[in-house]
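Letter by letter, the sequence shown follows residues 1 to 283 in our numbering.
These are calculated hints, taken from the structure and not from any lab test. It is possible that part of the hints are untrue.
To be verified - Cut-off 20 Å, straight-line C-alpha distance, at most; resulting in silico cross-link-like pairs (EDC-like, lysine to aspartate or glutamate):
#: 1; residue 1: K86; residue 2: D27
#: 2; residue 1: K136; residue 2: D161
#: 3; residue 1: K86; residue 2: E51
#: 4; residue 1: K248; residue 2: E277
#: 5; residue 1: K200; residue 2: E212
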Amino acid sequence: MRRITPELAAAAVALSMTATVLAAEDDRKAQFAPTLLSAESDSTVLGLSYELANSGRRNFASPAAADSDEWEDPNIDALEWGYTLKGVLTGNPDDNPENFAELDVYLNYSRLALNLPVQEFGAVYRYEADQSFDNKQSVVGLRYTAHVSRLVPDTYRTSGDLLIRATLGEVTPLTDTAREAVLGSGPDSYQRWDAIALYKVPVRDWLGDYSEDLEISYRYFEELDPPEAIQEAGLENSEYFSVVLNLKNNLFVAYTEGELPTDLEEDKTFKLGWSWELGDLVR
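Go ahead and model the full structure; you've got the sequences and the hints to work with.
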């Protein structure tokens, strides 16, 4: 077998990080996390974080030759489709410091070869709401994703992974109390772009074997050409910052700060939780 080159290792990591196996047809996920949330307002509540996902893939790339190692010659030219539903639930929505849930339905064209990064282009439908559905909206748009991995020489292991995703779409408010109060009438649709940058790095060498990795993410939302009244009210953009330390035995601690589209009350929140996946129950 040939020596592990940087290009080969990067491609192999990209395959695993994007949940991409050449023969795979679908991928399902059901993850829940009982979480203790402590907000800046000194309120502490018990919540349940959840993430449900299902995806499929049709790969049009030529299969690897019988006498070749497909990890040495990775190639993906595929359509991907699926959904992700995630959010946080608490007993009283008014006490939820992360009062935001989103359903993301997508269709992507995915391209992966030795000329990384992994790139995806696609269309997306997103439904955003708070826990009580007092504020909710839909988004239809186009999305681009790039994924870059930093590799340990001569191995398939990474010393860092960066994902960048940008979306441009049309937002249709279904109920938006803040915009209605400012505009004096039911809000019209508007254009918005948003982006997320997520960096993940192993931390066992720094913090010991009880730790796994550190995830740092930043999300930004901005309305295009907003009305003057929206700008004066400070509703034209929002940003959200998150740091998550994943520990052994599925434990995690996290810090979040900022605003999200249906949760415009800026807050700083500390979280402690334990996550588990349903595994074969969703197969």
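Can you list which hints this structure breaks, lowest number first? Of the numbered hints given earlier, the structure breaks just one, which is hint 2.
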